[in-house]
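**Student:** Residue numbers (this note's numbering), protein chains in the order written: chain E, 1454 to 1703; chain F, 685 to 1041.
It cannot be assumed that every hint is accurate.
Unchecked claim - Partial list, derived from the structure: chain F residues whose beta carbon lies under 8 Å from chain E:
#1 Y710
#2 L771
#3 Q773
#4 V867
#5 I870
#6 G876
#7 T885
#8 G983
Said to hold, decoys possible - Computed cross-link-like contacts, DSSO-like style, restricted to lysine-lysine with a CA-CA straight-line distance of at most 27 Å:
#9 E/K1496 <-> F/K888
#10 F/K961 <-> F/K1003
#11 F/K949 <-> F/K961
#12 E/K1467 <-> F/K896
#13 E/K1638 <-> E/K1459
#14 F/K1038 <-> F/K949
#15 E/K1459 <-> F/K888
#16 F/K873 <-> F/K915
#17 E/K1697 <-> E/K1642
#18 F/K1038 <-> F/K813
#19 F/K949 <-> F/K915
#20 E/K1655 <-> F/K986
#21 F/K888 <-> F/K846
#22 F/K846 <-> E/K1467
#23 E/K1655 <-> E/K1639
#24 F/K813 <-> F/K689
#25 E/K1642 <-> F/K813
#26 F/K896 <-> F/K915
#27 F/K907 <-> F/K949
#28 E/K1496 <-> F/K896
#29 F/K888 <-> F/K915
#30 F/K873 <-> F/K690
#31 F/K1038 <-> E/K1467
#32 E/K1459 <-> E/K1697
Please keep in mind that the hints were generated in silico from the structure rather than gathered at the bench. Note that CB positions come from ideal geometry on N, CA and C, so glycine has one too.
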Amino acid sequence: MKQVFKRPESMTSKPFHFCPGCHHGIVHRLVAEALDHFSLREKTIGVASVGCSVFLYDYFAVDVIESPHGRAAAVAAGTKRVLNDRIVFTYQGDGDLAAIGTAEVIHAANRGDNITIIFVNNSIYGMTGGQMAPTTLLGQRSTTSPYGRDCDRDGYPIKMTEMLAELEGPSLVSRVAVNTPGNVKKARKVIRQAFQMQVEGKGFSFVEVLSTCPTNWGMTPQAANDRIAEEMIPYFPLGTLKQKDVVDVL
Amino acid sequence: MSSPKKVFTKGNEAIAMAAINAGCRYYFGYPITPQNEIPEYMAEHLPATGGEFLQAESEIASINMLIGAAATGVRVMTSSSGPGISLMQEGFSYFAGNELPAVVVNISRQGPGLGGINATQGDYFQSVKGGGHGDYKLIVLAPHTGQELYDLTIKAFELAEKYRILTLILGDAILGQIKEPIVPWIPEKTAGDPDRDWLITGAKGREPRLIKSLFLADGEMEKHCWHLQEKYERIERDDVMLEEVDTADADLIVVAFGSVARIVKSAISQAREAGLKVGLVRPITLFPFPRKRLFELGGRTKHFLVAEMNTGQMVEDVKLSLPGDCQVEFYGRPGGSVPTPEDLYSIVSENCEKLQA
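Excised from the complex, chain F in its bound form:
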């Protein structure tokens, strides 16, 4: 914590600022709304750090430049939004197969297709279920405030290096565009270990090294897949993050992530004032998903409501996590429509009434 001073900043800029303070020195990206403040901030500020900003010809090029840079061991990042992230999925799969660390930010927009630029959570499946080919996972972080955008960006670089994995920050236009006071800070560690035995630096005085994902010999690829799976299981064991609000005595637990979780917080404090026992589980890591904790909570609380700004994606993971006797309702607003606290309060109170009846 180098400075307790607050700065008033847009979410996208908070991400970019945090990345530079976390030691990110190379950024490759392609313009797309609503995340353009990230490349713009990087273009302005990276040169002074001795690093480099490069505008690529496409998101396909961006993610592949990221592969080339990540292989050298420096902290690198790109950012985009839905359609651009779709183009990067090829590269995500190679990042997984190659086991390279990097950070990608998705300030998502509506879809399918060209969609629109308002806040939405339609990229949940794309983020946590793959999207690229093959058996793989990314770490997916879902911040819900400006400060959390900053903090989780720093965390994203640490996790990427810890596991040699691509870490995705999933936000939306509310988070990217809203201006909030945040407290910037600088982590102790701002670079990966230069002695890592896989870094591609030129084979000076050592055996040549290889970063690859092609395994043709009998059984080699299966072995690699199980090796990756073992890593994903370690991540699920050690690095789940979630926030709980008023779950201890809750008759109804709302599960929500990202910006909608913030609106849910207003709704449930209104509900508590009205005497309704409502709690919130906010997964901060979407992979690893907090399924163990949900299972525990499902032992006591039997009614859950999943609120998402899509037609129902995370709700599947909630259902898979809970004991079979729990009831799971869904409230969704796709296509850029954002529920108000009042919308959510009335859904929550309707569900509570159903419970009492």
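Isolated chain E, as found in the complex:
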């Protein structure tokens, strides 16, 4: 009998600790599938960030360096400068990348550092218990915006993909979602393209993945999934904003 589905070799067998309905598990798998696709597991170095994704090393069967909060892009840049024939990726949440780590990601992108960044945007601080993130939508309640995010006080949800796409350095800048089977397929393709950019030495690749946080949104998994389509995508539109020429491998 032909096996049509299995756990990617780049993943360990450890069960995810993520909450029911959280999208991290799907995104982890898509990254692992991309590493498998190009047979990269044994030459890949992951950089874990601070937040729910810090346990990256429990789930990916690759070498991992744990980064200080927000500094993953700088850590990855240091590793890649030394081991430029290895594949280096970071996996960061919105608090990590779009608040405390804004400078590091912008300058890594601007230098065109040949690394891949997976940016998981769930519009909230997950691990610390649901505080307002730079990507929290206007009016969205969080433990530190209990009356809803107010643009006069808190500013606007930051659009990292649009900002980074303006720079010369990146090879690929894209936003995807994993809330429907169709979007998962599109996300799989874009994440694969992002790693292909790095394999081909084309420079900095960046994929923003819209994600749920049912626990801190106070929603059921289904309602959280629906919120992606109803509230997140309208403000954070999906699509590839920048892409250097690459041969389609799919």
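Given chain E, put chain F in place with the hints provided.
**Tutor:** What follows is chain F alone, placed relative to chain E:
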């Protein structure tokens, strides 16, 4: 010792030259006075070695790039001055928790705040007492001449690798900017062992590896802290460095480090000529601090004078090291004021007069 030929060079350049000769191949840094000759030298000379110089967007980025590079096992360095070192303290703590080796140079400047760029020793506490969060130590080396800047830079890479620790070289503008003849040399060992079992290189044909400092399970973090402490105790046992001048018969021992120790040397030779029995203890390692040797010396000599270019920092460690019946005086010049040999001679002779009276 490959070449006995002397070169006339600035202290900052001596550090950079020594780093490259010690096998440092990657440098990440951000400009700040008075240490800019270090990144400039690295930018000019590292490419020819097959290594790379990268100017980071901040000292925070520099120290984190250093984490990423150090995890692969290559010899790496950054340098900065006070305010930039403050920004790096976060990374220092991660270096300690992650047990990664690297060398950081602080050609310090005045503070607090933006301060100024003259020579000062106000960063002693920051260097030896932590500065970042958590229970940790760095090895801190305090050179006092151009040649020592060169030699201790090489030593810094060796110690960093020996203990998987961040080694800090603490200098100041006098040391960084002064031009002196030095004899460059190349050590036998210019790279760490490529078979170290923690290097992050990609899990080819082996189990994946992890560099981390997060320990959430019950008791795990305590175990890690005690493991680090055991390492710091080994360092204190095996790698204390100090210089002593005329301590054997001294009635008064001056304790000073770095550039001020050099001025003290002039003052005490003047004192000896005047018949005053004055000696010097110059800690070369600020951590590990030479507390055992100070305790021994305090058995015979009961009067000590600590001279620093700050308002009194190392003096606390001297007091903690000496037997309780020793008397410790302090002479300090903070904020970029540098004492002359005459200033120090008169302080030394006043103290000697007090002893006789």
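**Student:** Are there hints from earlier that the structure breaks, and if so, what are their numbers?
**Tutor:** The structure conflicts with hints 2, 3, 4, 5, 6, 8, 18, 19, 20, 22, 24, 25, 27, 29, 31 and 32, although it agrees with all the remaining ones.
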